[in-house]
Amino acid sequence: MKKKAFVIFVLLILVSLVTACTESENNTESEEVETINKIAFVSDQPLDGSEWLVNLVDGLNEYQEEHPELEIKMIEATQVGEFEPKVRSLAEQGYQLIITTYASMAEATLAVAEDYPNYYFGSLDGTIENIEEYENVSEFGLNRTETAYLGGVAAAAMSETGVVGIVGGMDEPIINAIIAGWQQGLRRVNPDITDYVSYAGTWTDPTTGKDLGLALADKGADVIAAAAGGTGAGTAQAAAERDTYFVAWDTHYDEIFTENKVELGSALSFFDKLVIKFIESTIAGNFEGGKRIELGMKEGVCSFDIGPESPITEEARAMVEEALKDIEEGKLTIDTEPIHK
Amino acid sequence: MDIFGILHSTIRLASPIILISIGGLFSLKVDIFNLGLEAFALMGCFSAVAATYLTKNLLLGSTIGVVVCVIYGLIYSFFVIKMKVNAVICAVAFITLTSGLTRYLMQPIFGTSGKFILDRSFALKPIDLGIFSENNLIGLILNNHTILVYVSIVLPFITHIFLNYTKYGLYIRSIGLNQVAANAAGINVDLWKYLASMASGFFCGLAGIQLAMSMNLFNVEMTAGRGFTALAVLIMTGAQPIPTFFAALLFGFADSISNVLSSGGYQPQFLAMLPYGLALMAVVLPKVFRLIGEKRKRKLSFIRILNREGGE
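Order-wise, the sequence lines are chains A and B. Going by our numbering, the first sequence runs without a break in its numbering and finishes at 331. Going by our numbering, the second sequence runs without a break in its numbering and finishes at 1559.
Everything labelled a hint here was simulated from the structure, so no lab data went into it. Don't be surprised by glycine CBs; every beta carbon is placed ideally from N, CA and C. A couple of the hints might just be wrong.
In silico lysine to aspartate or glutamate, EDC-like type, Cα no more than 16 Å apart, as pairs [to be verified]: (1) A:263 to A:55; (2) A:315 to A:289; (3) A:28 to A:55; (4) B:1303 to A:284; (5) A:263 to A:233; (6) A:331 to A:162; (7) A:251 to B:1366; (8) B:1372 to A:249; (9) B:1372 to A:299; (10) A:281 to A:122; (11) A:209 to B:1249; (12) A:263 to A:245; (13) A:251 to A:289; (14) A:281 to A:162; (15) A:251 to A:233.
Some chain B residues near chain A, calculated using beta-carbon distances under 10 Å [stated by the list, open to error]: (16) 1260; (17) 1367; (18) 1441; (19) 1462; (20) 1468; (21) 1506; (22) 1512; (23) 1516; (24) 1548.
Simulated restraints, written as ranges between beta carbons of each label pair [said to hold, decoys possible]: (25) B:1397 to A:162: 37 to 47 Å; (26) A:2 to B:1432: 50 to 60 Å; (27) B:1432 to A:3: 49 to 59 Å; (28) B:1404 to A:-8: 49 to 59 Å; (29) B:1374 to A:299: 47 to 57 Å; (30) B:1372 to A:25: 54 to 64 Å; (31) A:181 to B:1514: 19 to 29 Å; (32) B:1511 to A:162: 45 to 55 Å; (33) A:71 to B:1340: 15 to 25 Å; (34) B:1372 to A:68: 32 to 42 Å; (35) B:1415 to A:2: 51 to 61 Å.
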C-alpha cells in the first residue's frame, strides 16, 4: 500500500512539473486588444478592511451594473507570495486592464506587464521608480494632501486652546502625506499652533483609537482628527465623550455624533471615481503609459465635505473656502513631508 | 503627564485581558490548552453587537451574545474531548473560522461590511459611583468605568476563592493535576471539562461585550490580538488568578503608556514593542535575580565550609 502511494505521489509531482513548464511557454503570446471589456482590480488588503476600499468596491459594483457589457472582477491578494501568481492568472484569463494597489504589488505588476505587452496595467500609488520603461503600465494616485490641508484649516480656525491632535494609521508615506497637508493647513491659520501626531499602528482596533483620542484630549487638544480606518471610529467616540471637535477621514460618523454634533467635516476620497476615471480613459484610448497621473480635488475625486450639521462657524467656513480657492488656482504648493512626527 | 489618567485607562484597557485570561484559566486548569481565546472574544464582540442590533435592547443583546459564546465553548470542547482533536489545532481552526464567519455575516445582518456602528443609546456607558468622589485620589482611578470593568476587577479574587476554597473548584483543579486520580475519586471528568470550557466561553463573551459595546461598534478583527496577550499572561503566571490579575494590569499599563507617549514624537515601532518588552522583562528579571541569589548563596556556603575546615 505504501509503495503504491509513493508511486502515485511521484507521478503527481511529475505531472505538475510538466504542466508548469508548458504553461510558461504559452505566456508571451497575447492577442492585440481591440476593445477592453474585461477589467480586474487586485487589492492587497481584505476588501472589507478600510472605509475607502468598501466605498471603492461599492462604486465599482454600481458601475458594473450601469455597464453590463463590461466585466469587472475584484479580488484580494493579501499574501506577498500570491501577488504575482494572481496577477498572472488574471492576464492569462484575458483581463485586458488589470489594476493593482500600492508599492508591495509593484514588482509583480511590472513582471506580468513585461510578459503581456498588449494588455494595460494600472498601479494605484505603486511608487514605481522606473515606470518610464514600461509603456503599458500607468501609475495613478489620489492627492490626499489637499483635502488634509483644508481639514487643518478648519481645525485651526475652530480651535480655542491652540492645541490639536491627529491619530494616523501607520507610519507610512500615504498617511505621512495626509499629516503633512494637515500640519501645513493648521499653520496657515495659526502659525503657533501645537499639534500632536499619534500613530495607532493598526487599522482595525477602535479601542486603541479611543484611548489615543482620550490621551490627546488630556493633553489639551480641543480638535482631534483620525486618518486610520476602523481605528478612527474609536477616536470619534473619544471626541464625542470629551466633547472636542472632530475632523474625520473617508466617512461621516453620523451614528456616533448623535447627541453632540462635533464633526467639523470629513476629508472624503472617492476612490471609486478615481478608478472609474482611469478605466474610462483607458477604454477611450487615452491610456498614458510610463508615467504617474495624480488626480485631486479639481478632477472631483476627493473633497473636504462639511456635513449639514457641522458646528463650523461662518468665519471658519470662509477660511476653508479661501484656502480651497487658493489650491484650485494653483497658488499653493503643499509639501508631502510632515513638519514633525 | 497625567498619572491618574494613565492609571484610569490602565484599568480600562486591562479589563478585557483580565476577562479573557480568567476564561482561559478555567480551560487551562482542566488541561485543555485553549489557544483560541481570540476566537471566542471576537465571537463575543460580534454576537453582542448583532444581537443588540436585532433586539434593540442592550441587556437582551448582551445575554444572547454571552450565550452564543458559551455554545461556541461547548462546540470547541466537544471537538477536543469527544472527537479527541488536538486542542491547539482545533483552536487555530476556530480562530480562522471566526475571523471569516464574522466578516462574512456582516453583510447579511448589518448590510455593510468592515465596520458597523450602533446607535449610541445602546452603548455600555460608564457608571459614576457615588462612593468615589472626583476629588478622591482613588476615585480618579476607579470612577467612571463600565460595569464590566468593575466585574473584571473583582473576578480574579472570586475565582481564587472558588478554585481554592470550594468543592467544585477542587474538582477542576484535580482534573488538571491528575486526571486519572480525579476519575478514580468519582469526579465526572468529562462533565467538568465541558463546564470549564463553557465557563471560558462565558468570560470571553463578557470580554467581547466590554470591547464592542463600550464603543457600540463592531469592526473586523476588533480583538487585535488581545486573546493571545491573555494567553501570554496565563503562561507567564502559571494560570493563578491573582498573579494573572496583576500581570494583565501590567499589560494594560504598558498599552496605556505607549498610547500616551505616541504623540510625543517617539518612533511608533519602539512604542509598539513596549508592552511585549515589559512582559518579557517581567518574566525574565525575577529568574535572573533568583539565579544571582542562588549563586551568591552557593558561594557563601562554600566559603563557610572552607572556614569550618580551616578552623578545625
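- [ ] Against the earlier hints, flag every one the structure doesn't satisfy and list their numbers going up.
- [x] 4, 5, 9, 12, 13, 14, 18, 24, 29 and 32
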